[in-house]
Each structure stands twice: as structure tokens, then as C-alpha cells.
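Colleague: Those sequence lines, one after another, are chains H and S. For the first sequence, position 223 (counting from the first letter as 1) is numbered 270 according to the working numbering, and the numbering increases by one without interruption. For the second sequence, position 219 (counting from the first letter as 1) is numbered 227 according to the working numbering, and the numbering increases by one without interruption.
Everything labelled a hint here was simulated from the structure, so no lab data went into it. Hints should not be assumed to be uniformly reliable.
[Claimed, not checked] Beyond 12 Å from chain S on every Cβ pair, some chain H residues (computed):
1) 83
2) 91
3) 94
4) 146
5) 206
6) 239
7) 274
8) 334
[To be verified] Derived pair list, reagent style EDC-like, types lysine to aspartate or glutamate, alpha-carbon separation capped at 16 Å:
9) H:287 to S:247
10) H:333 to S:184
11) H:250 to S:247
12) H:286 to S:247
13) H:250 to S:184
[Stated by the list, open to error] The following residues of chain H were derived to be distant from chain S, with all beta-carbon distances above 12 Å:
14) 132
15) 137
16) 140
17) 231
18) 238
19) 241
20) 251
21) 265
22) 280
23) 284
Fair warning: this is a prediction, and the values are worked out from it, not measured in the lab. No residue lacks a Cβ here, since even glycine has one placed at the ideal position from N, Cα and C.
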Amino acid sequence: MSLHPDALFISPADVERQLAHVGYLTDESIATTVFLAQALGKPLLVEGPAGVGKTELAKAVAKASDAELIRLQCYEGLDEARALYEWNYKKQLLRIQAAPTDQAWDSTHDDIFTDEFLLERPLLAAIRRRGSTVLLIDETDKADVEVEGLLLEVLSDFQVTIPELGTVAAVRRPFVVLTSNAARELSEALKRRCLYLHLDYPKPERERDIVLAQVPGVEAELAEQLVRTVNTLRALEIKKAPSIAETIDWARTLLALGMDELDESAVARTLGVVLKHASDQERATKELGLKG
Amino acid sequence: MASLVDRHTAFVAALRQAGLPVSVAEGLDAVRAMQVIDLVERESLRAAYAATLVKRPAHRRTFDTLFDLWFPAALGDGAAAPERHLRTREPGERRVPPALDPEVRARREELFELLLSGDDPGLRQFARTAVAEYGQTPGQESWFSSGVLRAMSPETLMAGLLNAVLTGQERGGMAEQVARRTFRDRIARFEDLVATEVRRRIAEDTGVERTARLAVRPPLERLDFAAATRTDLAALRREVYPLARRLASRLTQKQRLGHRGRLDFRRTMRASLATGGVPLTTHHRPRRPHKPELVILCDASDSVSAFAHFTLLLTFALREQFSKVRAFAFIDATDEITKYFAPGTDVVDAMTRMAREADLVWITGRSNYGHAIKVFDDRYADAITSRTSLLVLGDARSNYGELSLPILRRMADVARHAYWLNPEPRNQWDTGDSAASAYGELVPMYECRNLAQLAAFIEELA
Numbered sequence: 048m049s050l051h052p053d054a055l056f057i058s059p060a061d062v063e064r065q066l067a068h069v070g071y072l073t074d075e076s077i078a079t080t081v082f083l084a085q086a087l088g089k090p091l092l093v094e095g096p097a098g099v100g101k102t103e104l105a106k107a108v109a110k111a112s113d114a115e116l117i118r119l120q121c122y123e124g125l126d127e128a129r130a131l132y133e134w135n136y137k138k139q140l141l142r143i144q145a146a147p148t149d150q151a152w153d154s155t156h157d158d159i160f161t162d163e164f165l166l167e168r169p170l171l172a173a174i175r176r177r178g179s180t181v182l183l184i185d186e187t188d189k190a191d192v193e194v195e196g197l198l199l200e201v202l203s204d205f206q207v208t209i210p211e212l213g214t215v216a217a218v219r220r221p222f223v224v225l226t227s228n229a230a231r232e233l234s235e236a237l238k239r240r241c242l243y244l245h246l247d248y249p250k251p252e253r254e255r256d257i258v259l260a261q262v263p264g265v266e267a268e269l270a271e272q273l274v275r276t277v278n279t280l281r282a283l284e285i286k287k288a289p290s291i292a293e294t295i296d297w298a299r300t301l302l303a304l305g306m307d308e309l310d311e312s313a314v315a316r317t318l319g320v321v322l323k324h325a326s327d328q329e330r331a332t333k334e335l336g337l338k339g
Numbered sequence: 009m010a011s012l013v014d015r016h017t018a019f020v021a022a023l024r025q026a027g028l029p030v031s032v033a034e035g036l037d038a039v040r041a042m043q044v045i046d047l048v049e050r051e052s053l054r055a056a057y058a059a060t061l062v063k064r065p066a067h068r069r070t071f072d073t074l075f076d077l078w079f080p081a082a083l084g085d086g087a088a089a090p091e092r093h094l095r096t097r098e099p100g101e102r103r104v105p106p107a108l109d110p111e112v113r114a115r116r117e118e119l120f121e122l123l124l125s126g127d128d129p130g131l132r133q134f135a136r137t138a139v140a141e142y143g144q145t146p147g148q149e150s151w152f153s154s155g156v157l158r159a160m161s162p163e164t165l166m167a168g169l170l171n172a173v174l175t176g177q178e179r180g181g182m183a184e185q186v187a188r189r190t191f192r193d194r195i196a197r198f199e200d201l202v203a204t205e206v207r208r209r210i211a212e213d214t215g216v217e218r219t220a221r222l223a224v225r226p227p228l229e230r231l232d233f234a235a236a237t238r239t240d241l242a243a244l245r246r247e248v249y250p251l252a253r254r255l256a257s258r259l260t261q262k263q264r265l266g267h268r269g270r271l272d273f274r275r276t277m278r279a280s281l282a283t284g285g286v287p288l289t290t291h292h293r294p295r296r297p298h299k300p301e302l303v304i305l306c307d308a309s310d311s312v313s314a315f316a317h318f319t320l321l322l323t324f325a326l327r328e329q330f331s332k333v334r335a336f337a338f339i340d341a342t343d344e345i346t347k348y349f350a351p352g353t354d355v356v357d358a359m360t361r362m363a364r365e366a367d368l369v370w371i372t373g374r375s376n377y378g379h380a381i382k383v384f385d386d387r388y389a390d391a392i393t394s395r396t397s398l399l400v401l402g403d404a405r406s407n408y409g410e411l412s413l414p415i416l417r418r419m420a421d422v423a424r425h426a427y428w429l430n431p432e433p434r435n436q437w438d439t440g441d442s443a444a445s446a447y448g449e450l451v452p453m454y455e456c457r458n459l460a461q462l463a464a465f466i467e468e469l470a
């Protein structure tokens with residue numbers, strides 16, 4: 048396909064620098080994969096546990112490249128009419144009723160299937176936009192299987208066929224990010240068309256840098272302690288391991304409470320910020336030797 | 009260029025052989041990706057391959073192992089030669105026990121510093137030289153990680169490492185737990201690096217393809233329950249909740265699909281007001297979902313306990329998909345264990361409490377299916393009704409004891425459905441004391457040896 052997306056980034060190192068500039072810290076694999084998605088013009092499928100920055104990645108790319116972010120939030124029961132386009136039936140009906148009685152049916156028919164009566168939904172909007180665009184399809188796993196079929200057409204050719212209007216092809220290929228929590232396995236066909244990035248909990252060093260970048264005013268010492276403690280919690284057999292978002296919340300909590308050290312009593316008092324199941328909290332209290 | 013293409017195709021072939029579904033289109037994507045990245049950066053190349061070829065997290069370990077073999081970090085002793093001369097042993101040189109060897113002690117101190125500071129590139133270089141020096145015993149051709157790990161014995165450095173960080177702090181508290189965890193991770197990383205390095209040296213000696221076949225382990229979902237190590241079991245337990253969530257969403261989807269309920273006349277009429285009385289869209293009543301009652305009867309003897317635990321965990325994690333779940337465990341007597349799996353209880357606790365408190369042993373403490381079924385029938389016969397799905401978990405090895413076939417036949421007749429999951433490979437059924445086909449005639453028996461098979465079955469069931 049001859050249509051090329053804008054060259055947003057020139058190398059993986061450039062991705063790393065530009066995303067860091069807007070406050071998103073990457074590592075080697077994230078930077079390389081984002082760069083490849085852009086260079087090969089393929090959609091990027093980002094999978095991983097909740098709260099590791101999947102959606103943030105798309106937002107950061109949009110911000111770094113000064114593109115508009117168009118977001119399609121997936122949910123059960125999402126259909127073509129909500130994802131792609133819909134005819135504005137009510138307006139069409141009004142138009143027919145308001146038509147002068149002597150007007151021929153043919154011309155009325157042509158009138159009501161024009162751009163004026165077309166309701167643009169995120170996928171069509173992203174394709175028709177002339178400026179540079181980042182299309183975020185969030186929580187793809189929540190949508191039904193039929194939606195994947197719809198995405199296949201849009202994402203492989205970047206065009207949409209509207210029977211009454213004809214085929215609308217992209218003038219400028221958007222940078223597409225799909226995210227998934229792996230609540231259900233996405234189809235092979237969709238995965239094959241995408242580049243795949245598995246975002247996991249970060250290495251301690253990177254997480255510490257993220258905390259330092261996101262929570263101004265936190266001491267490096269405290270951030271280090273915090274990240275190590277969170278890592279220990281993740282290693283326990285618990286239902287829901289704390290995410291990066293929760294680590295950041297924890298840092299903010301400690302800061303707000305004016306605690307500058309993370310000792311047993313501080314952890315015991317604020318454990319609810321990172322662990323959100325009663326059984327997980329009990330387990331952590333037992334394993335870490337916290338006294339209430 | 010030709011050699012790079014050859015290497016690429018061989019690598020893709022090896023991935024396919026290891027069970028990764030790599031399509032031709034994905035292979036081409038990888039080649040395209042290689043044209044735009046800097047091939048000198050090895051980690052870039054790894055990321056490019058991973059992004060284009062590996063689309064399931066479960067396959068990532070296999071991929072990394074194979075990548076390290078096909079695109080090794082170094083050749084021979086490595087290009088970045090260490091400052092000092094590599095130690096090589098003369099044949100016939102007298103061996104000093106590692107603990108007394110001053111050279112080994114110096115190296116261990118070096119390792120100590122690296123582990124303390126968490127310097128990853130340093131650790132990588134250290135692992136390379138350590139394998140070059142200690143990975144090969146004189147007179148032996150092959151490479152082993154055991155020699156390196158014995159000489160360096162990183163585990164024994166733990167006490168010193170903890171002392172170094174926890175100076176003057178109270179021991180036994182959270183600080184120690186956290187520090188211990190950090191160092192355990194770093195030591196595991198070192199052992200990993202050594203293993204990778206050893207595989208690389210073996211591959212240089214005997215060929216990449218052969219090493220690849222030996223080095224690759226099956227991904228977690230295909231791992232045999234019986235062959236799982238303790239770390240595997242912990243990893244498997246962690247998989248249970250995500251798996252349950254995946255299954256649950258697929259089940260609700262299946263229920264919603266296909267049949268729509270009856271037309272909801274009121275809602276359809278109301279909606280039609282917006283379009284001038286023309287009912288453009290019809291509305292339907294939701295269908296009442298079908299939720300079976302489930303009774304699980306599971307063998308809790310050691311031979312199948314790992315398997316039984318997972319099935320129990322998974323069914324209880326999927327509790328919402330069934331209108332009622334009751335579980336019974338047996339060895340040679342039967343007891344109800346439902347109460348140990350109340351919502352919100354801790355997984356590990358539930359298992360230990362079940363083993364300690366439930367009354368499972370009658371005389372011998374070896375499985376006796378016949379007596380267990382009889383006790384179940386005496387005490388809990390009312391658990392099975394015409395709405396129940398009965399699920400039996402066990403290897404059907406009754407130690408040549410009685411089988412109570414008539415009672416089981418009656419139970420299976422009363423129940424709406426009955427299934428038997430057997431964790432043994434099918435070709436071992438009916439060998440020795442196994443009564444697989446005797447039971448299999450009454451209750452359809454399925455082989456269930458790994459997480460993938462278990463998930464497929466549960467989906468069938470609900």
C-alpha cells in the first residue's frame with residue numbers, strides 16, 4: 048500500500064526521547080515497538096494487566112506528535128452504528144415530511160443519503176480526518192466478536208464502504224493503538240494484522256523513575272522503598288497485584304499524609320491504597336509481618 | 009544478506025516447531041521490521057521479532073530462549089574480553105575445593121558487589137566469564153550450569169547481602185522481607201543468565217537446532233499438572249483468576265448469542281414514537297440464562313492433588329456461572345469441602361485448611377474409590393438431583409479395592425449430566441490398578457492434563 052503515515056518518529060531512541068518529554072517513560076521494547084508500528088504503518092495491539100499504562104501510551108503518542116486523539120471505547124453490545132457510522136433516521140424522516148409535495152421521489156431519495164444526514168462515529172472520523180490522528184480503540188476485549196470482524200476491514204485497508212455513498216478511503220493513515228486486558232483471547236486474524244506489545248509490571252528502576260516523574264515532591268529514597276515494597280507485594284499469591292497507577296496513588300497518599308518513610312505502621316495504615324481485596328490485605332499483613 | 013535471511017527462516021521454523029503459530033505474513037512483517045531498525049542493537053532486534061511474531065504472553069519465554077540461541081550475545085568467550093586473563097585449567101591440575109580456592113573467593117566477592125548494586129550489564133558480563141571458567145569440568149566435553157552455581161553458590165551470599173543493607177535495623181520485619189525479595193530476584197536473574205550462557209556454549213558445540221529442541225519447555229497452559237515444579241504450581245495458581253475471568257466472559261457471550269428472547273411489545277412501541285410510529289428497531293426481552301448446579305467429587309490423594317486443586321480453584325472462581333456449587337473430597341472416605349472455598353477466602357489457606365480439617369481418611373489413607381463413593385451415597389445422597397451436573401475428578405486408581413459401580417450408575421442416572429476428568433495420559437488408562445474403562449462406561453471420561461484442556465472442558469460444561 049502506497050499510503051504512508053506521517054513520520055512521527057525517526058528512530059526508537061527518538062520515540063523514547065519524545066515520549067519522555069511528555070512524561071511517559073518507555074523502555075527498549077516499548078520504544079522499538081512504537082517506532083515499528085509507525086514505520087510499518089501497522090496497528091499496535093497493547094496487552095497487559097490493568098493499570099500498567101496501556102491507554103496512557105496512546106495518549107502520550109498523540110501528545111508527543113501533536114496529533115488529535117480519537118477514542119473508541121469498546122463495551123459489550125458495541126455495534127457498527129456506534130463504532131463506524133449511522134444514518135440520522137429522525138432527520139431523514141423530517142426531510143421527507145418537509146419535502147414539497149411536487150418533488151419527485153428520486154431527488155428526495157438522493158437528498159437524504161448525503162453527508163448532511165451521516166452521523167460520524169470514531170472509526171469513520173479517524174479515517175476521514177485530514178490532520179494527523181491517533182486512533183485509540185480501548186479495551187478491545189470487552190467488545191463482541193463481530194466487532195473484531197468490522198475492525199479487520201478498517202485496520203487492514205483503512206477504508207470504509209458505505210453502500211449509499213461509496214468507499215471512503217483514508218487520506219492520511221492514522222496511528223492506531225488497540226488495548227486489551229486479555230479478558231478474552233482476541234482472534235488470530237486480528238492479532239496477525241497488528242504488532243503486539245505486552246506491557247507488564249515494569250522493572251524496579253523504571254517504576255521508580257515513573258513515580259519520581261509523576262509525583263513531584265517525593266524523595267528518591269521513599270520512591271525506592273515504595274517500589275521495592277510493591278514488588279514484594281506482587282510476588283505474593285494475591286488476587287490482584289498492585290499496578291503502576293496504584294503505586295503512584297500510594298506515593299501521593301504518603302506525601303499527603305506527610306510520611307517520609309515507609310515502615311511497618313505506615314504500610315499497615317495505607318495498605319488499602321494498593322490492595323483492594325480483604326483477603327489480599329490479610330495475606331500481605333501476615334507475610335510482611337505488619338502489626339495492625 | 010543471504011545468511012541473515014537463512015538465519016531468519018531457520019529461527020521462524022524453530023519457533024513453529026516449539027508450538028508458536030507464526031504465519032507467513034508475520035514472518036514477512038519481521039523482515040520488514042528488520043529493514044527499519046538498527047540491526048547492531050540486539051535488544052532492538054529482539055523487540056522487533058517479539059512485536060511481529062509473538063502475540064501471546066505465554067509464548068514469550070519460549071521465544072526468548074530460542075532468540076538467545078539463534079542470535080547469541082557473543083561468540084566463544086565474548087568480544088568484550090575481561091581485563092584479566094581467563095583462568096583455564098591444565099589437565100591433571102589438582103582441584104582445590106571451591107570454598108578454599110582464593111580465586112573463587114575473589115570472584116564471589118565480585119558477585120556480591122554486583123548483586124548488592126543491581127548492576128545488570130555487569131552481572132551479564134560476570135555470568136559470561138564465570139561460565140567460561142567454571143562451566144566445563146576437565147575431561148568433559150559439554151557445559152553445565154551446575155558447576156558455575158556450585159562454585160559461586162549465590163544463595164549463600166544472601167545473609168551477607170541482607171547484613172549489608174539492614175545495618176542496625178530490626179530484623180524479621182518488613183524491611184527484611186522486602187530486601188530479601190529484591191536480592192532473591194537478582195540471584196534468580198543471575199542463575200537465568202548463567203543458564204542462557206550455558207545454552208549458548210552448548211549450541212556452539214553441538215548445533216543450534218539440537219539445543220533448541222532440548223532447551224524449550226512447554227508454555228504454562230500446556231504444562232502437564234503432574235510434571236509441574238513448585239514454582240510452576242505457584243505460577244499456575246496465579247493463572248487461575250485471569251483464566252476464570254476469560255472463561256466467564258466467553259460464557260456470558262455464548263449465552264447472549266444465538267437466541268433472542270420474546271418480542272418486548274411495550275418497549276418496541278415506545279421506541280417507535282421517536283420515528284413517527286414506524287418501529288425501526290424491535291426490542292426483545294432478555295433470556296433467562298441457564299445455570300447448572302454443580303457437584304464436584306474429587307480425589308484428594310497425593311497422586312492427583314495438584315490437578316484436583318486447580319480444578320477446584322477454577323470452578324470456585326467461576327462460581328457465578330453456576331447456580332450452586334458443592335464440592336466433596338475423598339481419599340478412602342468422603343467429606344464436604346464447600347465451606348473452605350467461601351467467597352473472599354485466601355487460596356493457599358483454603359488448601360491447607362482442607363487438608364488439615366476435612367475427614368477424608370477411613371483406614372488406609374490410600375485412595376479407595378469404592379468406599380469413598382459408598383460414604384458419599386450414605387451421607388450426601390440428597391446432593392444429587394435431576395438439576396445437577398456431577399463432576400468426578402480422579403485417576404480412577406483404586407489400589408485394587410472395590411469399585412461400587414452400581415452406586416455410581418445410580419448417581420449418574422439421577423444427575424442431569426455426569427463427567428469424569430482423568431489427569432493421566434490416555435495411554436496409561438487401564439494399566440495396573442486403574443479402573444478407567446470400568447468407570448468410563450458409566451460416566452464419560454475425559455483426559456485433562458493441562459490448563460488448556462481444563463479450560464476447554466469447563467467451557468463445554470457451563
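Colleague: Under the constraints set out in the numbered hints, which ones does this structure not fulfil?
Modeller: Checked against the structure, the hints that fail are numbers 1, 2, 3, 6, 7, 8, 11, 13, 15, 16, 17, 18, 19, 20, 22 and 23, while the rest are satisfied.
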